[in-house]
Structure formats: structure tokens, C-alpha cells
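Residues per chain, in single letters:
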Amino acid sequence: MELLSGADMLIRSLQDEGIEYVYGYPGGAALHIYDALFRQDKVKHILVRHEQAAVHMADGYARATGKPGTVLVTSGPGATNTITGIATAFMDSIPMVVLCGQVASTLIGEDAFQETDMIGVSRPVVKHNLSVRHPEEIPEVIRKAYYIAATGRPGPVVVDIPKDMTTPNERYEYSYPKKVKLRSYNPAIRGHAGQIKKAVDMMLAARRPIIYAGGGVILGKASEQLTELVRTLGYPITNTLMGIGCYPASDKQHLGWLGMHGTYEANMAMHHSDLILCVGARFDDRVTNATEKFCPGARIIHIDIDPASISKTVDADVPIVGPVDAVLKEMQALVKESKEKPDADAIAAWWKQIDEWRAFHGMRYETSDDVIKPQEVIEMLCRLTNGEAFVTSDVGQHQMFAAQYYKFDKPNRWINSGGLGTMGFGLPAAMGVKLTHPDDEVLCITGEGSIQMNIQELSTCKQYNLPVKIINLNNQALGMVKQWQDMNYESRHSQSYMESLPDFTKLAEAYGHKGVVIDKKADLETKLKEVLAMKDELVFVDIYVDRFEHVYPMQVARGSMKDMWLSKTERV
Amino acid sequence: MRRIISVLLENEPGALSRVVGLFSQRNYNIETLTVAPTEDETLSRLTVTTTGSDKVIEQITKQLNKLIEVVKLVDLTEGSHIERELMLVKLKATGSQRAEIKRTVDIFRGQIVDVTSSVYTVQLAGDSEKLDGFIQAVGTSGVLEVVRTGVSGIARGEKVLSL
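Chains as they are written, first to last, in the numbering used here: chain S, 12 to 583; chain F, 26 to 188.
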């Protein structure tokens, strides 16, 4: 057997795990590891400018590829800077391993330089965390970390590595374990057959059914199975913000996404349904609105890999714990072989009702000859990229407009921080996507507030040649905050106006990129086409949009699914 | 409703803090908590008493089960069970109080385990209500110090919580 130092074992373990990229930032406690990284060329390291961005990059990579991302940072501030990124991944169940240096085990607890209890600090926002207590454990700890991160309901795993675990001149026998033994962790591999049968019977007997799919379908790589089942049944489908792309948006059975800023037809259909088949979603507050008024006539089937997601906020009538792909497959087989068929008349009447809601055009905006509407920028981008770009977003109005007006037909292409709502996520996430999809169009749709939260990464983009397109919907205000202040605080715009905005084009140029300003509606299409034609350049597109636009529809606070504002004056 | 949840936990550093952290993160209530190793040195047995609606208790058990170090758990209050708590009480004991306290200790089947000229230290085991009852009986004015271990519990009959 080979003798390796702890640091070399760590890097070798990453190689054996098949890791292509590590995003990170070096520092004292991680220097042995960085030296081991230097002496090999299989695992590539991307040097970010702030550790938070490393985590978002790994996150973007994971969301686009479905594989766990990897981060490497030093102890203390290096580790604590990753927390927002880890919490972002945790809320959206993104598989990720964060390797943190730590002061030598002999110094732990002595308030040593750059010492932080990262196991303690990260505990509430990780799926699990592990600490290396002996160098020989490293291969097993790394194997465990990736196994836990990527299986069951995925999530981030932190590994804390004291510096004396990676000392160069202490060598140990290396072998990478093939299997992980964890007696207390056994994620379900299939759903309960009896429950699935019961669910299918209910689905076939329903008169006003709807399928409500979430991010779990994308994480569980079950888009195909879902699409097949939905088409076989002929029922309407809506999905959550996190589920965008799990079912083709251009398909006629798709009602758009639901919830606070969801479509009129999706929210209406949910409210009036008699059966909801929830697939890999978690009835969160941005979907259900007031839970006591949620879908009064509906019985609920809930498929989820995580039993704790079932009946957490809304009670399920038929809970099914299992991987969504396997459960959907079994459902499809049962639907096909069943003698019962959906009641054609009832389903036709249900579609007629839904088409009436659709004809109401709940998602609309007024165009103007003078100002550029943010919605039309997104619609144009969707058209110009044939709806095939990878789109990352930050958080706020631009995020909702992007999700509403860009039509995604494929999973893994819409990448946003849905759960935690992390401003500053968009650019580094886009970088993580672009790195592994160099030939695809990668758009970062952002606002002048969010982009400044990780703008230093323009420098990383230069170093690694990552020609993403930054679409800055510049309304010169923290738009979503301002919208809530307009609606709930009599337009008292407390701290939502950002004075002294930089000249973003000059800033982009200072980092070695291109900058383009679009402030006239007449220029919008030509300039966007020019931008998209610059394949090898990162272009920062600063688009001055209507400063007074609000996002609609918007559910009325503490109402039911069907209570919505459709414009500043129209409430249903 | 009050529940007693009994957990088999990997006997590893940090495992306990994960359980305790979960309760505070999710705004669950801990009334008592006891933890100690079992006959299998790789496992700890943890008993927590908590209160909450059925929905909250269901979430607590599900969230506990999600912790990687939780091997198995049972809600003892779902079936018939035995619960015990140990209490040590230091009581002011002078003059006529001494005989009175001795009588009360006997009624509660406790033991006086330490004596000075002015203080009795009493040991008492039982369910939490019995321990409360003893304090009430002797009166809080004479109580100098109370130490309770928190509840431990076990199911009645053949049911066992093991691997």
C-alpha cells in the first residue's frame, strides 16, 4: 500500500471521488492541503476573491450538473465567510462538501489565531458535519461526506481538518473505501407499495386534480418520469419556483409556477382542486399563503424523500416517503395497467374552467414607449436565446421577473436561491455553471443591489475566462423592498434607495471586461443581440428599467391561494 | 401534551450538541434531558421530556431521526412505560423539624443520605410528580437546595429499544 501524508490523502480522495473542481481560498491552516493540490493536476482549483463566492460557485455547479460541489477554505474567517453560502445550499437541498482548515488539534480551545469552532458555527445549516481526528481517517471521512451530501435529501456537509492532520512528513497507508457504513443513515430507496396504490386510486377518481411539483423533482433527476406520468394522466401541472424546468413550461398542461408571485391560473387551480399530487415540494409559506385557508377542498398526496417535509405545514392524506423517480415510475405503471380511467367529462370540465382562468391573462404588464419594462427585457432574452440559456439570478424583483417571463423547458437551467433568498448568489453561481458549460449561454439576471454583494468576482471571471452575461435590471432602488414599502408602508422608502451607484460599465472595464448601457427602449433588441454575439467576453449589461414597476400577481398577505393582486389597483 | 422521547445515539463527540441544537433551532421545548453511555460503549441513551401538540411531537421525532448520529428512537408515552427521576434535596432540619422530615421521607420512601446538626440531605426516586409532591409536603421554606437528574424511562414488558 502507498504511504501518503494527510494532505496528499485528502487530495487523492478527491481524485478518487471523481471531483473535477474545487473552489476556494488558501490560508494558514489549509497550506499543507494547498501544497498537495499544487503537486497534482487532476483536481483543478478555482481561486475566488471571497469565500462566500466559492460556495455559491460550487452551488451553481451542483445545480447545473446534479453532482456535489466542493469548496476548500482555511480556518477562522475563511470558514465563517462560507456560512451564507452553506445556508443557501442547505435551504435548497444542494449537495456540497465544504473542506475547512482548522488550527492544530493541540491548539483547539485556546483561542488560537484564526480559530473558530466551525463544527459548532455551521451545525444549524448543514446536513451533517465531520471532524478529522486522525490523519488515517481522512479517506473514510471524505467518502462519508460525499455520500451523505449526495444521497437522500441532499445537502451541504462540512469537514473540519485540523492542521496537524495534514502534516507533510507523517505518512500513512492510503486506500479509498468503496462503501460507506452508517448504521443510522439509510435513506428510503422506494416508496411504500400500498400507499402508492392508494394514491393512484385517488388520482384516477379525482375530478379536479392538479400536480404540484418542486425542486425535489430536479434534485431527484425525475423530470422524465414526471413528464411521462403527467402526460398519461392529462392533468394540469404547476411547479414551485425551485421546480422550474422540471416540466416543460411551453407544454399546454403546464400552468406556470404557483405561490406568492405565481400565475393566476396556477393559484386558482390549486385553490379549487379536489386532489393535489405533491411531488418533491414542501408546502412552504411562499407557496401556501395562510395554511388554514389553503386549498379547502383538496385531498393531498405527498411524495418526498424526507419524511420531515411531510405534514410539516400542511397535513398530507397519503404520505409517500421515497425517491421521487422510483415512486413516479411505479405510479406510471399502475396508472397504465389500471382498469379505472379518469372521468373524461369531469376532467374536460376542469380544463374548461382552467382555460377560462388562463384567458384572464393574470400575468401581464403595460408596455410604454419611453421606459424599458423589466419584464420585456426577460421576454426578449428568452426569445434571443431560444429559451435554452442557463439563467442564474440574485434575489428581488428581477428574480421574480426572470422566473415569470423566461420559459424553461429543461431542468437544471433555472438557478436561484429560493429558500434562503441570498443576494449575491447570482454571479458566482453563473461562474460555476459557465466553467462546466463553456459552450452554453449563461445569463446572470441581477439588480444593482444584489450584484454589488459579490461584485469582486469579476476579477475571478477574468482569471479563468468565464464569459457570462450579467443582465443588470437597474431600477436604482432595492426594488422588492420598495414594492413592499409601497404596498404596506404608505410608500415610505426607508433605506431602499441606493444613492451613489457606480458606473457599472467602467467598473466592468476596470476588471478587464466589456460594459454596455441600455437606457432607450429603441436600443434594447439591437444592443442585446450585440451582447449575446460577444461569445468570448464577459459583458456587464446595465439596463435602466422602469423604477416604479411592481411584481404581479402577488398573493394578498394572510389570504388563501386565490387571493391576489394582479396590478397596483386590481385585486381578486 | 408531555412526552418522553428516548433516543439511541452514536457515542461520539458533538452528537449531544446536535440534539440540543435541534430543539433550540426549531423552537421546541426541552423540560428535562438525561444522557449516559449504554452497555454497548458505541451508543448513548438519551431521554428528553418535552411538550407540544401531536403535530409538533411528530416533527420533533422526524427531525431527530434525520440527525445522522441518531440510531433509533421511541416516544415512550405512546405505550405503557416506567419513568423515574432521582432527586437530592438539602433540607433545613433543626429541633422538631427533624422528626417531621424523617416521617415525611419515610412516607415517600426516600432516604436520608447525609446528616449534620442542622441539615438533612434526602435522596428520593420516583416519577416527577412524586418528587414534586415531596417538595410540597416538606414545604419550600425549609428547602436549601434541590438537584434533580431529569427523567429516565423504559417501556414496560417485552418491548426494547436496541439495535
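No lab work stands behind these hints: they were computed from the structure.
Mixed in with the good hints there might be a few duds.
Label pairs and their calculated CB-CB ranges [said to hold, decoys possible]:
{"no.": "1", "chain 1": "F", "residue 1": "PRO62", "chain 2": "S", "residue 2": "ASP497", "range": "53 to 61 angstroms"}
{"no.": "2", "chain 1": "F", "residue 1": "GLN50", "chain 2": "S", "residue 2": "GLN364", "range": "22 to 30 angstroms"}
{"no.": "3", "chain 1": "F", "residue 1": "THR67", "chain 2": "S", "residue 2": "ILE119", "range": "22 to 30 angstroms"}
{"no.": "4", "chain 1": "F", "residue 1": "ASN52", "chain 2": "S", "residue 2": "ASP420", "range": "47 to 55 angstroms"}
{"no.": "5", "chain 1": "S", "residue 1": "GLN125", "chain 2": "F", "residue 2": "LEU169", "range": "45 to 53 angstroms"}
{"no.": "6", "chain 1": "F", "residue 1": "VAL168", "chain 2": "S", "residue 2": "GLY308", "range": "24 to 32 angstroms"}
{"no.": "7", "chain 1": "F", "residue 1": "GLU103", "chain 2": "S", "residue 2": "GLU13", "range": "20 to 28 angstroms"}
Straight line, CA to CA, 20 angstroms or less: simulated SDA-like cross-link-like pairs of lysine to any residue [said to hold, decoys possible]:
{"no.": "8", "chain 1": "S", "residue 1": "LYS192", "chain 2": "F", "residue 2": "LYS80"}
{"no.": "9", "chain 1": "F", "residue 1": "LYS80", "chain 2": "S", "residue 2": "GLU28"}
{"no.": "10", "chain 1": "F", "residue 1": "LYS91", "chain 2": "S", "residue 2": "ARG134"}
{"no.": "11", "chain 1": "S", "residue 1": "LYS540", "chain 2": "S", "residue 2": "GLU390"}
{"no.": "12", "chain 1": "F", "residue 1": "LYS87", "chain 2": "S", "residue 2": "LYS525"}
{"no.": "13", "chain 1": "F", "residue 1": "LYS97", "chain 2": "S", "residue 2": "ASP317"}
{"no.": "14", "chain 1": "F", "residue 1": "LYS80", "chain 2": "S", "residue 2": "ALA319"}
{"no.": "15", "chain 1": "S", "residue 1": "LYS323", "chain 2": "F", "residue 2": "GLN50"}
{"no.": "16", "chain 1": "S", "residue 1": "LYS323", "chain 2": "F", "residue 2": "GLU125"}
{"no.": "17", "chain 1": "S", "residue 1": "LYS323", "chain 2": "F", "residue 2": "GLU37"}
{"no.": "18", "chain 1": "F", "residue 1": "LYS97", "chain 2": "S", "residue 2": "LEU193"}
{"no.": "19", "chain 1": "F", "residue 1": "LYS91", "chain 2": "S", "residue 2": "LYS340"}
{"no.": "20", "chain 1": "S", "residue 1": "LYS192", "chain 2": "S", "residue 2": "GLU28"}
{"no.": "21", "chain 1": "S", "residue 1": "LYS323", "chain 2": "F", "residue 2": "VAL168"}
{"no.": "22", "chain 1": "S", "residue 1": "LYS323", "chain 2": "S", "residue 2": "LYS192"}
{"no.": "23", "chain 1": "S", "residue 1": "LYS525", "chain 2": "S", "residue 2": "SER507"}
{"no.": "24", "chain 1": "S", "residue 1": "LYS192", "chain 2": "S", "residue 2": "THR162"}
{"no.": "25", "chain 1": "S", "residue 1": "LYS340", "chain 2": "S", "residue 2": "LYS525"}
Remember, it's a predicted structure, so these values are computed and weren't measured experimentally.
Note that beta-carbon positions come from the ideal geometry of N, C-alpha and C, so glycine has one too.
Quick rundown of the hints versus the structure:
{"no.": "1", "hint": "F:PRO62 to S:ASP497: 53 to 61 angstroms", "in the structure": "60 angstroms, holds"}
{"no.": "2", "hint": "F:GLN50 to S:GLN364: 22 to 30 angstroms", "in the structure": "43 angstroms, violated"}
{"no.": "3", "hint": "F:THR67 to S:ILE119: 22 to 30 angstroms", "in the structure": "24 angstroms, holds"}
{"no.": "4", "hint": "F:ASN52 to S:ASP420: 47 to 55 angstroms", "in the structure": "41 angstroms, violated"}
{"no.": "5", "hint": "S:GLN125 to F:LEU169: 45 to 53 angstroms", "in the structure": "47 angstroms, holds"}
{"no.": "6", "hint": "F:VAL168 to S:GLY308: 24 to 32 angstroms", "in the structure": "58 angstroms, violated"}
{"no.": "7", "hint": "F:GLU103 to S:GLU13: 20 to 28 angstroms", "in the structure": "53 angstroms, violated"}
{"no.": "8", "hint": "S:LYS192 to F:LYS80", "in the structure": "32 angstroms, violated"}
{"no.": "9", "hint": "F:LYS80 to S:GLU28", "in the structure": "40 angstroms, violated"}
{"no.": "10", "hint": "F:LYS91 to S:ARG134", "in the structure": "13 angstroms, holds"}
{"no.": "11", "hint": "S:LYS540 to S:GLU390", "in the structure": "13 angstroms, holds"}
{"no.": "12", "hint": "F:LYS87 to S:LYS525", "in the structure": "51 angstroms, violated"}
{"no.": "13", "hint": "F:LYS97 to S:ASP317", "in the structure": "16 angstroms, holds"}
{"no.": "14", "hint": "F:LYS80 to S:ALA319", "in the structure": "11 angstroms, holds"}
{"no.": "15", "hint": "S:LYS323 to F:GLN50", "in the structure": "15 angstroms, holds"}
{"no.": "16", "hint": "S:LYS323 to F:GLU125", "in the structure": "53 angstroms, violated"}
{"no.": "17", "hint": "S:LYS323 to F:GLU37", "in the structure": "29 angstroms, violated"}
{"no.": "18", "hint": "F:LYS97 to S:LEU193", "in the structure": "13 angstroms, holds"}
{"no.": "19", "hint": "F:LYS91 to S:LYS340", "in the structure": "26 angstroms, violated"}
{"no.": "20", "hint": "S:LYS192 to S:GLU28", "in the structure": "16 angstroms, holds"}
{"no.": "21", "hint": "S:LYS323 to F:VAL168", "in the structure": "44 angstroms, violated"}
{"no.": "22", "hint": "S:LYS323 to S:LYS192", "in the structure": "30 angstroms, violated"}
{"no.": "23", "hint": "S:LYS525 to S:SER507", "in the structure": "28 angstroms, violated"}
{"no.": "24", "hint": "S:LYS192 to S:THR162", "in the structure": "13 angstroms, holds"}
{"no.": "25", "hint": "S:LYS340 to S:LYS525", "in the structure": "48 angstroms, violated"}
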